[in-house]
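One-letter residues, chain by chain:
There are 2 protein chains.
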Amino acid sequence: MLKTPLARRLPVWIEELGQIGRTEADGLWRTPYTPADTQAQDAVAGWMQQAGLEVRRDAVGNLFGRLPGTTRPDEVILTGSHLDTVRNGGKYDGGLGILAGIVMLAEVLETSGRPARSLEVVALVGEEGSRFPLAFIGSKAITGELSPEELEIRDAEGISIAGAMRGVGLDPSRIQEARRSDLRGFLEFHIEQGRILQDQGYPLGIVHTITGIRQACVLVDGRPDHAGTTPMTSRRDAMLGAAEMVLRIAEQITALGHPAVATTGRLQARPGGVNVVAEQVEFTVDFRHPDPAVLERMAAMIRGTCEEVAQRRRLASTLHVFLEHPPVPMSPEVQAALQASAEELGLKALSMASGAGHDAMVLAGRIPVGMLFVPSREGRSHCPDEFTPEGEIVPGLAVLARTLHRLATV
Amino acid sequence: MLKTPLARRLPVWIEELGQIGRTEADGLWRTPYTPADTQAQDAVAGWMQQAGLEVRRDAVGNLFGRLPGTTRPDEVILTGSHLDTVRNGGKYDGGLGILAGIVMLAEVLETSGRPARSLEVVALVGEEGSRFPLAFIGSKAITGELSPEELEIRDAEGISIAGAMRGVGLDPSRIQEARRSDLRGFLEFHIEQGRILQDQGYPLGIVHTITGIRQACVLVDGRPDHAGTTPMTSRRDAMLGAAEMVLRIAEQITALGHPAVATTGRLQARPGGVNVVAEQVEFTVDFRHPDPAVLERMAAMIRGTCEEVAQRRRLASTLHVFLEHPPVPMSPEVQAALQASAEELGLKALSMASGAGHDAMVLAGRIPVGMLFVPSREGRSHCPDEFTPEGEIVPGLAVLARTLHRLATV
Numbered sequence: 395m396l397k398t399p400l401a402r403r404l405p406v407w408i409e410e411l412g413q414i415g416r417t418e419a420d421g422l423w424r425t426p427y428t429p430a431d432t433q434a435q436d437a438v439a440g441w442m443q444q445a446g447l448e449v450r451r452d453a454v455g456n457l458f459g460r461l462p463g464t465t466r467p468d469e470v471i472l473t474g475s476h477l478d479t480v481r482n483g484g485k486y487d488g489g490l491g492i493l494a495g496i497v498m499l500a501e502v503l504e505t506s507g508r509p510a511r512s513l514e515v516v517a518l519v520g521e522e523g524s525r526f527p528l529a530f531i532g533s534k535a536i537t538g539e540l541s542p543e544e545l546e547i548r549d550a551e552g553i554s555i556a557g558a559m560r561g562v563g564l565d566p567s568r569i570q571e572a573r574r575s576d577l578r579g580f581l582e583f584h585i586e587q588g589r590i591l592q593d594q595g596y597p598l599g600i601v602h603t604i605t606g607i608r609q610a611c612v613l614v615d616g617r618p619d620h621a622g623t624t625p626m627t628s629r630r631d632a633m634l635g636a637a638e639m640v641l642r643i644a645e646q647i648t649a650l651g652h653p654a655v656a657t658t659g660r661l662q663a664r665p666g667g668v669n670v671v672a673e674q675v676e677f678t679v680d681f682r683h684p685d686p687a688v689l690e691r692m693a694a695m696i697r698g699t700c701e702e703v704a705q706r707r708r709l710a711s712t713l714h715v716f717l718e719h720p721p722v723p724m725s726p727e728v729q730a731a732l733q734a735s736a737e738e739l740g741l742k743a744l745s746m747a748s749g750a751g752h753d754a755m756v757l758a759g760r761i762p763v764g765m766l767f768v769p770s771r772e773g774r775s776h777c778p779d780e781f782t783p784e785g786e787i788v789p790g791l792a793v794l795a796r797t798l799h800r801l802a803t804v
Numbered sequence: 395m396l397k398t399p400l401a402r403r404l405p406v407w408i409e410e411l412g413q414i415g416r417t418e419a420d421g422l423w424r425t426p427y428t429p430a431d432t433q434a435q436d437a438v439a440g441w442m443q444q445a446g447l448e449v450r451r452d453a454v455g456n457l458f459g460r461l462p463g464t465t466r467p468d469e470v471i472l473t474g475s476h477l478d479t480v481r482n483g484g485k486y487d488g489g490l491g492i493l494a495g496i497v498m499l500a501e502v503l504e505t506s507g508r509p510a511r512s513l514e515v516v517a518l519v520g521e522e523g524s525r526f527p528l529a530f531i532g533s534k535a536i537t538g539e540l541s542p543e544e545l546e547i548r549d550a551e552g553i554s555i556a557g558a559m560r561g562v563g564l565d566p567s568r569i570q571e572a573r574r575s576d577l578r579g580f581l582e583f584h585i586e587q588g589r590i591l592q593d594q595g596y597p598l599g600i601v602h603t604i605t606g607i608r609q610a611c612v613l614v615d616g617r618p619d620h621a622g623t624t625p626m627t628s629r630r631d632a633m634l635g636a637a638e639m640v641l642r643i644a645e646q647i648t649a650l651g652h653p654a655v656a657t658t659g660r661l662q663a664r665p666g667g668v669n670v671v672a673e674q675v676e677f678t679v680d681f682r683h684p685d686p687a688v689l690e691r692m693a694a695m696i697r698g699t700c701e702e703v704a705q706r707r708r709l710a711s712t713l714h715v716f717l718e719h720p721p722v723p724m725s726p727e728v729q730a731a732l733q734a735s736a737e738e739l740g741l742k743a744l745s746m747a748s749g750a751g752h753d754a755m756v757l758a759g760r761i762p763v764g765m766l767f768v769p770s771r772e773g774r775s776h777c778p779d780e781f782t783p784e785g786e787i788v789p790g791l792a793v794l795a796r797t798l799h800r801l802a803t804v
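From first to last, the protein sequence lines stand for chains A and B.
Counting in our numbering, the first sequence runs from 395 upward without gaps.
Counting in our numbering, the second sequence runs from 395 upward without gaps.
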């Protein structure tokens, strides 16, 4: 199914990269500026060289492989994804987009020769924020948004990003050099991380929007009472208030229909005694929608529900939004190019929102950006089960190569 | 209001005892075999001596003050309560019953002389289980139920009960000597720790039953999914299952009416990420009823609710009962004696269940036992707010003295 000898290496590379940063629990945890990261960069650099690309590392540690253009070499079409993983992550999230870019640049070279514009593939640094509490390190350096203050953000062991950079031979005072003004497009190849393509029977997804994301923390205050001596009707039980809020929010957001989502993944009760009525419960709500107006309506709905439940149950509640990413539309031109390539190859592609954040979100503010999804088996992602069989990667590779060539020959 | 000079010391003693084991957060944490415990025992022993009582410490560390009987000194009527507190506890839970016993034994002596039977007041060791995960240490030693294996139970720092006993000069191999066969009755004076007396306007409560208590842990298993990429209708969200179970259990138990209670004080979600659908949620249910048949029905109801919700939401659930105390009826004779004393004094007393466990529960298996409650201001207990004003203690003291005299002159 994979045509060129180099492309046939792809499944092997996925397995090899998937061993670097492997933890005892069978998952991956590969984070920026660690020995596993260096080992992965060395492996990827080697594969870039095998593909005939010029290899270069920038000031923040992003790794590039370049196929110089013939007539307009200073205009660059970029592909690739991130090299890091979440804790207990899988082999496909991020890694697949880098390896696909390498083999498809080689395929463009072999089948069509060098195009007018330059093509580059990138292994981006630190998209996940799973070591330092800062996501999109590499892509923010490329847009020039990574600030010196952010380099002081520390990991769980107290090591700053700047300190970690120095540890792998990078000079944090030079990050502005990572900024690029020659990029004319970015196309990220990625697993869907959901089960929409599988459930609806599409081999490919073309992203129209990266969803808007807000994360809020809700604090519910009641009264700590003795679990044995306080009648049910005399209580101000923060746990019951929180449980009702969580349930009602999920019901309301479900009623809005796809692609609205809301999730409570964390909930803590204080004092937390088996025989004490909860005085205070804190829980999170992650909610997402690609339409800014709907996202705003969801925020009001969630706030209103918490207030209504708290008042009726004689509790107090406060809601604090601690993360806010507006929806990011993908470039209509890149979407059209992807769609045209898919049609030429006789492949059906679903126009869809991405429910997850991506580096493409950061770069979309500056240059035309697109994303191409291949299915995730059972929708599993951010876990060792993450899997896309070779047969479901191949159609995406073909569309990727054709679209890169299309964008680079304009 | 307090008549004898000694009785007038009671409020001062409450304050003095309430300083021993005081923590920075204004609460008390006084646990067995610690320097605070020794200091409290010394203070209580001094007050027992001031009251004219013979002071003695038994093999497990219970402290007794004795007023010997005239004609039947080998038959003992015991009063008192526990000297230890929960973490961040208050001044009244336990301590009040000891101090009330001391002043009322002195009052009996002063107003009526020594009765036929002996009267003793006890400061019991370790009722709360707040240092070692074992409650009722002192009362179990008195009934002979404290086993050598239990003495190997360790605190958070790895110190066993036996080791801690040695540290304060007690010999754990001699605990059988704490066993008593001369007790003919036990009357525990205690704060209600709830707000039933206050709400219903009764100065006193006479306990008919110490409620049955079960504590269960419910484990709900779902599937960890990406919070952004998994549609609401495709999820198997353990958090939503747990929230519905917690709410439904509370609704059903509330519908059963007073005194049925059920409480979820602790809930934990795994993996606990803001942007991950909960794979597993674990929560506790503490449920209580004084009628064994109703308690059994509540257990079936809770189990059935968890199973029904889990099945409907495509989750798995298991329920494990880890603590089970059957309801303990109080002695009809002691209840009648308390009721007669209250009536003679023109005081209304409410016949009620105790929603909390007490040493009286342990002793009730062997001898006639009763409990007398005075109101807790706002029902506050197990917290520094715990308070009963002197004016609401006095009626209870009068009934206590009269009933002790009554039981000791039979």
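Some clues are possibly wrong.
[Said to hold, decoys possible] Footprint (simulated), chain A over chain B, 3 or more residues, beta carbon under 8 Å: (1) 570-580; (2) 586-599; (3) 725-732; (4) 746-754.
[As the list claims (entries may be wrong)] Heads up, incomplete: computed chain B residues facing chain A, CB under 8 Å, no partners named: (5) L503; (6) T505; (7) A621; (8) L661; (9) N669; (10) V670; (11) A672; (12) Q674; (13) E676.
Think of the hints as simulated: they come from the structure by calculation, not from any bench.
Ideal placement from N, C-alpha and C gives every residue a C-beta, glycine not left out.
Exercise for review: Sort out which numbered hints this structure fails and list those numbers smallest first.
Suggested key: Per hint list: 1, 3, 5, 6, 12, 13 violated.
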